[in-house]
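Trainee: Residue numbers (the working numbering), protein chains in the order written: chain A, 14 to 437; chain B, 14 to 437; chain C, 14 to 437; chain D, 14 to 437.
Keep in mind the hints are simulated off the structure, nothing from the lab. Computed from a prediction, not measured in an experiment: that's the story for all the values here.
Copies of the same chain look alike in the list, so a pair counts if it works inside one copy or between any two.
The list that follows gives simulated cross-link-like pairs (lysine to aspartate or glutamate, DMTMM-like), each with its CA atoms no further than 20 Å apart:
| no. | residue 1 | residue 2 |
| --- | --- | --- |
| 1 | K313 | E355 |
| 2 | K313 | D213 |
| 3 | K227 | D437 |
| 4 | K313 | E388 |
| 5 | K201 | D330 |
| 6 | K313 | D384 |
| 7 | K424 | D256 |
| 8 | K201 | D225 |
Protein chains: 4
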Amino acid sequence: MLDRSAVIRLFTTVRQRSETLCETLQPEDFVIQTMEDVSPAKWHIAHTSWFFEQVILHTYESNFAPVNETYFWLFNSYYESFGGRIVRSDRGTISRPTIPEVMSYRTAVTERMLKLLESCDDASWETVRNLTILGCHHEEQHQELFLTDIKHVFAASPLYPALVIRNSTTAATSPPATKMISFSGGTKSVGHEGGGFSWDNEHPRHDQLVADFKLANHPVTNREWLAFIDDGGYSDHRYWLSDGWAWVQENQIIAPLYWHREDDQWMTMTLSGRMPIDLNEPVAHISYYEAWAYARWAGKRLPTEFEWETAAAAQGDRCQCGTMMDDRIYHPVAKAHDSADESTLHSLFGDVWEWTNSAYLPYPGYRQAADALGEYNGKFMSGQMVLRGGSCATPRAHIRSTYRNFFQPEKRWQFTGLRLADDD
Amino acid sequence: MLDRSAVIRLFTTVRQRSETLCETLQPEDFVIQTMEDVSPAKWHIAHTSWFFEQVILHTYESNFAPVNETYFWLFNSYYESFGGRIVRSDRGTISRPTIPEVMSYRTAVTERMLKLLESCDDASWETVRNLTILGCHHEEQHQELFLTDIKHVFAASPLYPALVIRNSTTAATSPPATKMISFSGGTKSVGHEGGGFSWDNEHPRHDQLVADFKLANHPVTNREWLAFIDDGGYSDHRYWLSDGWAWVQENQIIAPLYWHREDDQWMTMTLSGRMPIDLNEPVAHISYYEAWAYARWAGKRLPTEFEWETAAAAQGDRCQCGTMMDDRIYHPVAKAHDSADESTLHSLFGDVWEWTNSAYLPYPGYRQAADALGEYNGKFMSGQMVLRGGSCATPRAHIRSTYRNFFQPEKRWQFTGLRLADDD
Amino acid sequence: MLDRSAVIRLFTTVRQRSETLCETLQPEDFVIQTMEDVSPAKWHIAHTSWFFEQVILHTYESNFAPVNETYFWLFNSYYESFGGRIVRSDRGTISRPTIPEVMSYRTAVTERMLKLLESCDDASWETVRNLTILGCHHEEQHQELFLTDIKHVFAASPLYPALVIRNSTTAATSPPATKMISFSGGTKSVGHEGGGFSWDNEHPRHDQLVADFKLANHPVTNREWLAFIDDGGYSDHRYWLSDGWAWVQENQIIAPLYWHREDDQWMTMTLSGRMPIDLNEPVAHISYYEAWAYARWAGKRLPTEFEWETAAAAQGDRCQCGTMMDDRIYHPVAKAHDSADESTLHSLFGDVWEWTNSAYLPYPGYRQAADALGEYNGKFMSGQMVLRGGSCATPRAHIRSTYRNFFQPEKRWQFTGLRLADDD
Amino acid sequence: MLDRSAVIRLFTTVRQRSETLCETLQPEDFVIQTMEDVSPAKWHIAHTSWFFEQVILHTYESNFAPVNETYFWLFNSYYESFGGRIVRSDRGTISRPTIPEVMSYRTAVTERMLKLLESCDDASWETVRNLTILGCHHEEQHQELFLTDIKHVFAASPLYPALVIRNSTTAATSPPATKMISFSGGTKSVGHEGGGFSWDNEHPRHDQLVADFKLANHPVTNREWLAFIDDGGYSDHRYWLSDGWAWVQENQIIAPLYWHREDDQWMTMTLSGRMPIDLNEPVAHISYYEAWAYARWAGKRLPTEFEWETAAAAQGDRCQCGTMMDDRIYHPVAKAHDSADESTLHSLFGDVWEWTNSAYLPYPGYRQAADALGEYNGKFMSGQMVLRGGSCATPRAHIRSTYRNFFQPEKRWQFTGLRLADDD
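Just need the whole structure built from these sequences, with the hints factored in.
Mentor: Below, the structure is given as structure tokens:
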């Protein structure tokens with residue numbers, strides 16, 4: 014367990030990283046919400062402070078007084094237990110407080126938290142420590158959302174702004190020849206073992222029967238995805254789930270999110286501005302429906318989350334880690350591709366979240382906590398599919414092989430891709 | 014395997030039963046569609062004939078000529094492979110063909126099918142037999158939909174018409190005292206074994222690890238549901254999934270579908286007209302969201318589909334069968350309740366479909382067929398939850414312990430209820 | 014003023030005519046509602062009876078008892094003063110009461126009305142007489158709606174049923190060469206003079222200043238409309254009002270309602286089934302937006318309602334009356350076209366309602382009555398445009414030169430057309 | 014006609030005034046769009062520059078080169094003739110260009126316009142002059158929208174920011190006792206006479222017959238509006254147009270826009286922050302539906318636009334001018350109220366736009382221009398009602414007695430109020 018200084022170090026690091034993400038933003042960039050899923054950058058910066066104020070300071074700081082009563086309402090996300098909140102789709106209607114005011118809110122919370130972490134008595138330390146660690150992991154999740162959300166905002170402007178300037182050395186290298194790697198089935202233990210932080214939805218660790226299966230040695234690339242497009246994949250109902258086919262037709266989907274055809278070239282939006290598609294990169298910004306259709310078109314299928322976790326456990330340290338937030342590229346440039354090494358799971362972590370064919374449901378024996386933090390994961394176990402492995406927008410320290418991410422099957426604004434699986 | 018005369022007998026019986034369901038309908042009842050999920054009775058009668066014409070006669074009848082070309086478009090449901098079709102929500106806009114015209118279409122198809130069943134050569138017999146059996150099971154599914162749909166139609170009229178007159182002896186008897194029956198876990202074989210008809214989604218039979226669990230000896234009753242209502246169950250966010258809570262608030266849900274408060278009495282619509290709630294009956298017409306909330310309120314949970322199937326296998330013939338379509342009551346009067354017998358799974362079959370906490374996903378090794386019938390089940394494996402056990406509107410011969418029904422979590426117009434489960 | 018026998022004769026005639034309209038309908042045709050504007054035929058038959066029961070019998074029949082309490086709710090249209098009513102878009106969800114039950118309701122009301130008309134005392138006679146006459150005109154309006162609504166219902170079925178068999182002698186004859194007839198302006202009296210029935214919205218008769226103007230000698234024909242289509246009229250923003258252009262694009266409008274291109278031929282739905290466009294007929298089923306765009310394309314404009322009424326008054330008996338409901342053709346076959354007579358306003362009455370460029374607003378000094386019948390016209394004086402002249406679905410006795418019909422600018426399911434006007 | 018120096022002076026003054034409006038805004042305030050009707054402040058600042066660049070510089074500047082090609086698309090409002098444009102409801106999704114970039118665009122356009130105004134040859138001077146004057150009046154309209162839009166934006170934040178600090182001396186004074194002033198009818202000339210700038214929709218000046226009428230000596234005040242509320246005005250269908258009643262119910266309207274009940278006090282949002290209702294002020298932010306309902310409740314009616322113009326002409330200089338943009342209060346504080354003077358039309362100009370009962374339609378003989386500027390007014394002559402007199406957000410130089418403003422009947426975010434009329 015982390016001691017006080019380690020917790021303070023973690024807290025300081027995480028808080029600092031959020032602020033670093035803001036460095037190149039203009040004030041106008043902070044307030045815009047381009048769709049309901051997207052939150053303004055300002056909101057992320059404030060909400061991650063609200064979390065510490067509401068969950069920790071409010072209870073554990075002596076003589077607590079709120080920075081601003083209104084912020085409880087403005088910066089609550091979905092916690093019914095914490096009372097009312099702004100309608101989600103209205104987050105982009107709020108010009109005030111301004112960025113400087115929000116930054117000063119942020120600083121106040123950081124300072125008061127640091128004081129508490131240093132001074133709180135031993136009786137409450139364990140709880141304060143655990144909540145602080147949880148708040149840091151919560152903030153890391155919002156760092157990823159900060160990036161995917163500002164990408165969506167930047168993509169709305171025909172000026173295609175950049176968050177970071179991309180170094181020319183960061184181009185994706187060619188993946189190895191595609192190979193389906195075999196894994197033995199059997200009774201497999203899945204879920205978190207304890208030791209280090211984990212979310213409640215990774216518990217309890219338990220056994221699952223997994224049949225022999227195969228998993229591709231790299232995520233599907235843009236090159237492969239173009240073959241699907243060129244083969245009429247988006248216009249042939251036979252490849253699609255019924256819901257997926259309705260979604261394709263209603264939204265006239267013909268390519269991943271952010272792809273636009275310009276003359277003979279597919280272009281895409283990146284956090285370094287608009288660029289031509291790089292064929293070596295893993296495909297990103299696809300929905301579960303698209304992932305599923307691609308797999309069916311390819312004569313394969315998506316893995317279950319248990320197969321994925323089994324494979325990760327089997328390869329252990331050999332799994333290669335692709336681009337992550339720490340690289341500050343914010344694009345899946347597949348730095349883990351080693352074209353000579355066909356028998357490794359390249360980019361298993363990082364680059365793109367990988368859609369699985371598992372619904373996001375509780376593990377056997379899971380019990381949702383009764384307090385406000387019980388709302389964190391349990392109440393979302395409906396209508397979503399599990400993704401594994403983290404992306405180029407995930408902090409390296411945040412991801413692990415038991416980590417369960419989850420989104421509705423039509424969502425595409427995250428860095429979402431796929432890795433093919435098959436029966437063995 | 015059924016021989017020709019058995020197939021003919023099955024076909025004749027099933028076709029006849031659909032027509033029997035129409036006996037008390039007026040022409041005006043046949044054409045109405047009260048919501049997108051509901052199809053007009055006329056459409057069910059025609060579509061089940063279309064199925065035989067399109068899937069069998071079209072290929073296996075020599076010198077096939079359609080009864081009416083237009084019907085291919087009018088009475089196709091969702092088969093992309095069979096071409097265009099009327100928009101689902103427009104099924105209630107079609108006054109012509111009239112009922113007599115549709116009945117005459119039906120008769121023509123029946124006669125031509127019988128002729129084919131009697132005369133087709135041995136080379137095609139096996140396929141024709143299998144498709145005919147499948148077509149009969151397809152028609153049985155529409156018989157259940159016929160009943161739930163006409164109930165929705167009748168509920169729209171303030172005159173509250175009845176499909177059948179209820180005999181006074183059919184009142185529900187008191188269930189036994191509620192008891193959670195324990196079942197041992199372990200590696201359990203689930204899915205269909207072969208022998209007799211089954212759907213592709215019940216295959217392949219495979220092993221699942223199931224932990225020790227408990228299952229209630231009867232479905233949740235109206236009496237129990239009223240306690241949930243009276244305890245504020247519909248207005249306390251803590252019991253609800255996030256999607257469920259949004260659904261409750263957006264639709265102002267305060268009770269199961271068809272329940273209306275009249276002075277101090279809850280009334281409900283039945284296929285014998287409007288009646289007061291019978292406290293002994295299993296609660297029906299609830300969504301997955303409501304089932305989930307009730308279970309959380311009760312400190313229990315929903316079973317997985319594998320627990321359910323394990324329990325059904327363990328009790329075997331001791332499982333009691335509640336009201337089914339064959340009883341011609343079309344209401345869950347819980348005839349299987351035996352208040353003295355606490356250790357049996359009452360109403361495991363019949364009365365109400367039981368929501369499980371399993372998403373409708375393929376069994377390991379499942380492969381969707383490439384032809385039109387591949388569209389039957391596989392393409393719907395997204396966004397739906399599994400229900401087990403059949404209802405008062407299911408033909409007895411149609412249900413079995415491996416049968417997987419599936420609906421979106423907000424759907425309520427089927428006879429859907431729940432049975433509590435718990436860890437052991 | 015009509016005496017008792019004349020009122021009884023009027024009442025009997027009108028009631029009979031509604032029933033005649035039903036003669037060729039099948040029961041299935043009576044219950045369908047294809048869009049919110051459309052009411053099921055059954056509803057028209059019942060509502061016109063409800064009107065007499067609610068407005069007259071309820072007050073003036075001694076010992077009044079309702080035929081069925083529920084009908085007050087089911088068959089009220091929009092009268093807030095008469096209490097609740099079924100949501101308009103739900104009229105097509107009601108299978109019961111059946112047609113025979115509704116017909117028997119109708120008969121009961123007719124009989125009780127006749128008894129009242131014969132026997133009511135002199136003190137209440139004047140009111141009963143006036144309300145009965147108003148109820149007859151109300152029923153005539155619903156006769157027109159009955160026809161336009163059943164046309165919309167029939168058009169939904171790919172079998173294209175017919176209400177009447179069209180006699181081959183009813184084809185439209187060629188209109189005279191188009192000529193803009195000049196009318197002198199000045200201070201013109203408009204509105205109803207009194208004598209005979211009129212609606213409150215035709216009052217008070219008052220003066221309007223009208224400048225010299227011209228009016229076309231016949232409504233725009235399908236031949237002329239095709240020139241507009243062929244000239245790209247539907248895809249050139251310059252011809253359209255801003256609202257009209259948005260409407261065209263959102264609804265992908267490319268032709269009048271009911272027109273479909275089949276190979277090289279424009280087909281249209283009629284109440285005698287589907288037919289090729291007849292170039293000599295007035296164009297029908299166009300919105301105000303389309304009428305306006307056509308006029309701008311043609312370098313002309315729409316007349317105001319005062320110009321229209323001034324022209325009708327100026328030509329008096331010379332105005333020719335086109336097809337009307339009494340002809341039982343229910344299609345604008347332009348029987349008034351006399352190709353040799355260029356100086357007459359052909360089809361000024363009948364064939365198609367003519368959109369004017371006047372908003373439906375009160376005449377100076379108009380006061381809406383305080384009772385329920387005040388809801389008849391006054392509360393609709395917002396957001397609608399005035400149409401004049403009646404159509405092939407209007408009873409001859411119903412129309413007059415001061416009659417103001419009104420619809421929202423996007424509505425097309427009535428027999429709506431246009432006549433060009435210009436400054437002189 | 015204005016000479017070069019006068020045009021330059023006008024242009025400079027108007028451009029400067031827009032920039033003055035921005036003085037107290039924070040960057041975050043500039044980009045937000047709270048509903049489709051509202052445009053971000055940044056957009057107004059840019060669009061008014063686009064107008065001069067697109068309409069004048071593009072044609073009349075030699076060697077024209079656009080400041081930024083993308084701006085043609087980003088800052089076009091609704092001119093189909095000028096090509097594509099951003100979807101209106103997406104104006105609030107654009108973070109870049111930033112405010113400094115937009116300001117620099119603005120400066121560039123101003124400078125190039127000044128250069129053109131000084132140097133353009135005599136051949137094109139007349140057109141350039143007229144377009145420049147028109148562009149200035151266009152910009153004045155956007156100044157008013159700037160204010161009403163930023164008010165809507167500020168009202169979304171629970172911090173209720175202020176644009177200007179209100180001086181305590183600006184409170185409304187008591188209006189005179191309400192008196193209906195009589196005006197004689199007759200043949201009245203309405204519309205613009207020429208001389209000075211006017212919009213095409215004020216032409217041609219023509220005669221209208223107006224009956225004797227009365228007009229209230231002041232707009233309806235908050236005190237009077239509260240009486241309407243307290244008398245149940247918002248919940249009694251008898252006062253409402255049918256469309257209005259549907260609007261009230263669907264949107265649960267119970268008071269003017271921006272009014273909120275706080276304990277026993279009605280509060281409202283102003284451009285100086287949130288304040289209690291001032292009973293002496295004219296009621297503002299009401300829809301046409303509300304104005305109409307109030308008038309019916311009061312036993313009066315709304316004036317026609319011709320009555321309004323007739324009264325303005327009759328009183329001439331005696332009409333009093335209320336608060337206008339030039340006062341920099343941006344709230345209808347009714348500075349024209351003189352409680353001792355009952356026979357003057359107080360606040361006829363300024364304070365609040367006054368809904369009339371006239372639909373926005375062309376004057377007899379009006380012809381919409383064929384070029385892009387023809388889109389300015391003519392294509393909106395559908396579905397809107399005329400308002401007269403200007404508001405506290407209108408520049409004094411912008412308004413005149415023939416000025417026709419127009420909005421859809423449900424719109425409320427402008428400073429809209431009403432003045433009662435009656436027959437004499």
